[in-house]
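2 protein chains.
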Amino acid sequence: MKFCSDCGSVIEKRIPDGDNLERDCCTKCDSIFYSNPRVIVGTVPIKNNKVLLCKRAIQPRYGLWTLPAGFLENGETIEEGAFRETKEETNTEVKMGNLYAIFNIPQINQVYMLHLAEVINEDYCSTSESLEVKFFSESEIPWDDLAFPFVPTTLKNYFIDSKKGEYPLSTQIIERPPRKSS
Amino acid sequence: MKFCSDCGSVIEKRIPDGDNLERDCCTKCDSIFYSNPRVIVGTVPIKNNKVLLCKRAIQPRYGLWTLPAGFLENGETIEEGAFRETKEETNTEVKMGNLYAIFNIPQINQVYMLHLAEVINEDYCSTSESLEVKFFSESEIPWDDLAFPFVPTTLKNYFIDSKKGEYPLSTQIIERPPRKSS
Chain A
1 MKFCSDCGSV IEKRIPDGDN LERDCCTKCD SIFYSNPRVI VGTVPIKNNK
51 VLLCKRAIQP RYGLWTLPAG FLENGETIEE GAFRETKEET NTEVKMGNLY
101 AIFNIPQINQ VYMLHLAEVI NEDYCSTSES LEVKFFSESE IPWDDLAFPF
151 VPTTLKNYFI DSKKGEYPLS TQIIERPPRK SS
Chain B
1 MKFCSDCGSV IEKRIPDGDN LERDCCTKCD SIFYSNPRVI VGTVPIKNNK
51 VLLCKRAIQP RYGLWTLPAG FLENGETIEE GAFRETKEET NTEVKMGNLY
101 AIFNIPQINQ VYMLHLAEVI NEDYCSTSES LEVKFFSESE IPWDDLAFPF
151 VPTTLKNYFI DSKKGEYPLS TQIIERPPRK SS
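Quick mapping for you: the protein sequence lines, in order, are chains A and B.
Quick note on numbering: this note's numbering labels position 106 of the first sequence as 106, and the sequence is numbered without any gaps.
Quick note on numbering: this note's numbering labels position 115 of the second sequence as 115, and the sequence is numbered without any gaps.
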């Protein structure tokens, strides 16, 4: 952030009174700008113990398979956002289940929140965000072509839990590998 | 948002290519600015079936009692943020327990995530954020002087659950009352 979005003046980083972290502060008006983590909401869409995955039609990770998920928008609840993202990426309207997985990814300021969901219609199909939308049983999962680290972790957990018939909430931290310096 | 924080030019609201919501877009450079819900993290700090509450030393709701909670910061996990906020508001370092309550407050773009926590030290005390920090049993809770709607809801749930000895995660939506027009 270089310029104040309220008045257009130059921004400086400093610790405001009563705070203990550096913030983006306007050098002219009194505006302070906070940057906070964002929430990614999504689902594990299930039918007959198969999981509905999406082949990404957008960057990053174009062409790799993922669970439907995306940024929570203003004005939404977590479940509404998970429902919307699933519809946008798979075209189908799922029946929302319990919160199933939370992933903290502190290096990139993200919190993932995934709900179990039941696929109740046959209208899933490719969308502007997904090249292909397809059910996979455990043995069919394309383990080498999954888009993000949360996807294999969630799928492995799901298939373990499905054998027990219990789906407790799990909370995990994903460490983002440091960038290669060379 | 009136000015681009990257180049200082005027902002216009429009739907970017490939999106379906209006965003703040720069009229000169290609910057797009997204606004998303923020996460508030906190705890229900417990010892001997009493809850540690904080009398707010800051606005809003100065002088009313609350559970320790505040905005999740960049670089933190949910549990780290809940631990930090509890320390900042009560001075004590709690032993973190399970995620216990999620509140969606879509009208103000907030998601609350509260963990149960065990108070293990006797060093809780007033802080720059709390006029007073004190344990309350169920019969002692100052029900008429609680700061925010999530506080009585969480406390009522807690005392019901404590009688059963089971503390399942609850997810709720808090509707913010519309502003009075007069």
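Keep in mind that the hints are not guaranteed to be accurate.
[Claimed, not checked] Taking lysine to any residue and the SDA-like style, the derived pairs with C-alpha atoms no more than 20 Å apart in a straight line are: (1) B:2 <-> A:33; (2) A:50 <-> A:122; (3) B:28 <-> A:147; (4) B:163 <-> B:13; (5) A:2 <-> B:98; (6) A:95 <-> A:143; (7) A:2 <-> B:47; (8) B:2 <-> A:27; (9) B:2 <-> B:18; (10) B:134 <-> B:122; (11) A:55 <-> A:171; (12) B:13 <-> A:6; (13) B:95 <-> A:9; (14) B:2 <-> A:26; (15) A:47 <-> A:16; (16) B:2 <-> A:30; (17) B:28 <-> A:9; (18) B:95 <-> B:33; (19) B:2 <-> A:47; (20) B:47 <-> B:123; (21) B:2 <-> A:122; (22) A:50 <-> A:147; (23) A:2 <-> B:26; (24) B:2 <-> A:29.
Just so you know, the hints here were simulated from the structure itself, not pulled from any lab data.
Here the structure is a predicted model, which means the values were calculated and not measured.
Hint-by-hint comparison with the structure:
1. Proposed proximity of residue 2 of chain B and residue 33 of chain A is supported: the alpha carbons are some 14 Å apart, at most 20 Å.
2. For the suggested pair residue 50 of chain A and residue 122 of chain A, the alpha carbons sit about 14 Å apart, so the restraint of at most 20 Å is met.
3. Under the criterion of a C-alpha separation no larger than 20 Å, the hint pairing residue 28 of chain B with residue 147 of chain A is inconsistent with the structure, at around 34 Å.
4. A threshold of 20 Å between alpha carbons decides the hint, and for residue 163 of chain B with residue 13 of chain B the separation of about 52 Å lies outside it, so the pair is violated.
5. Proposed proximity of residue 2 of chain A and residue 98 of chain B is contradicted: the alpha carbons are some 40 Å apart, above 20 Å.
6. With a C-alpha separation of about 26 Å, the suggested pair residue 95 of chain A and residue 143 of chain A falls outside the 20 Å cut-off, and the hint is violated.
7. A distance of roughly 47 Å separates the Cα atoms of residue 2 of chain A and residue 47 of chain B; the hinted pair therefore is violated under the 20 Å criterion.
8. Using a Cα cut-off of 20 Å, the hinted pair residue 2 of chain B and residue 27 of chain A holds, with the two alpha carbons roughly 16 Å apart.
9. For the given pair, residue 2 of chain B sits about 23 Å from residue 18 of chain B by alpha-carbon distance, which is inconsistent with the 20 Å threshold.
10. At most 20 Å may separate the alpha-carbon atoms for a hinted pair to count; residue 134 of chain B and residue 122 of chain B meet this at roughly 11 Å.
11. Proximity of residue 55 of chain A to residue 171 of chain A is assessed by CA-CA distance (about 25 Å); at most 20 Å being required, the pair is judged violated.
12. In summary, the hint linking residue 13 of chain B to residue 6 of chain A is supported, as the alpha carbons are separated by about 15 Å, within the 20 Å threshold.
13. With a C-alpha separation of about 44 Å, the suggested pair residue 95 of chain B and residue 9 of chain A falls outside the 20 Å cut-off, and the hint is violated.
14. For the hint pairing residue 2 of chain B with residue 26 of chain A, the CA-to-CA distance comes to about 14 Å; that is within 20 Å, so the pair holds.
15. Distance restraint check for residue 47 of chain A and residue 16 of chain A: the Cα-Cα separation of roughly 52 Å exceeds the 20 Å cut-off, and the hinted pair is therefore not satisfied.
16. A hinted pair counts as satisfied when its Cα atoms are at most 20 Å apart, and residue 2 of chain B with residue 30 of chain A qualifies at roughly 15 Å.
17. At most 20 Å may separate the alpha-carbon atoms for a hinted pair to count; residue 28 of chain B and residue 9 of chain A meet this at roughly 17 Å.
18. With a C-alpha separation of about 38 Å, the suggested pairing of residue 95 of chain B with residue 33 of chain B is violated against the 20 Å cut-off.
19. A threshold of 20 Å between alpha carbons decides the hint, and for residue 2 of chain B with residue 47 of chain A the separation of about 47 Å lies outside it, so the pair is violated.
20. As the CA atoms of residue 47 of chain B and residue 123 of chain B are separated by approximately 13 Å, the hinted pair is consistent with the 20 Å bound.
21. For the proposed pair residue 2 of chain B and residue 122 of chain A, the alpha carbon gap of about 45 Å is over 20 Å, so the pair is violated.
22. With a C-alpha separation of about 18 Å, the suggested pairing of residue 50 of chain A with residue 147 of chain A holds against the 20 Å cut-off.
23. This hinted pair checks out: residue 2 of chain A and residue 26 of chain B have alpha carbons roughly 14 Å apart, not beyond 20 Å.
24. As the CA atoms of residue 2 of chain B and residue 29 of chain A are separated by approximately 13 Å, the hinted pair is consistent with the 20 Å bound.
Of the numbered hints given earlier, the model fails hints 3, 4, 5, 6, 7, 9, 11, 13, 15, 18, 19, 21; all others are met.
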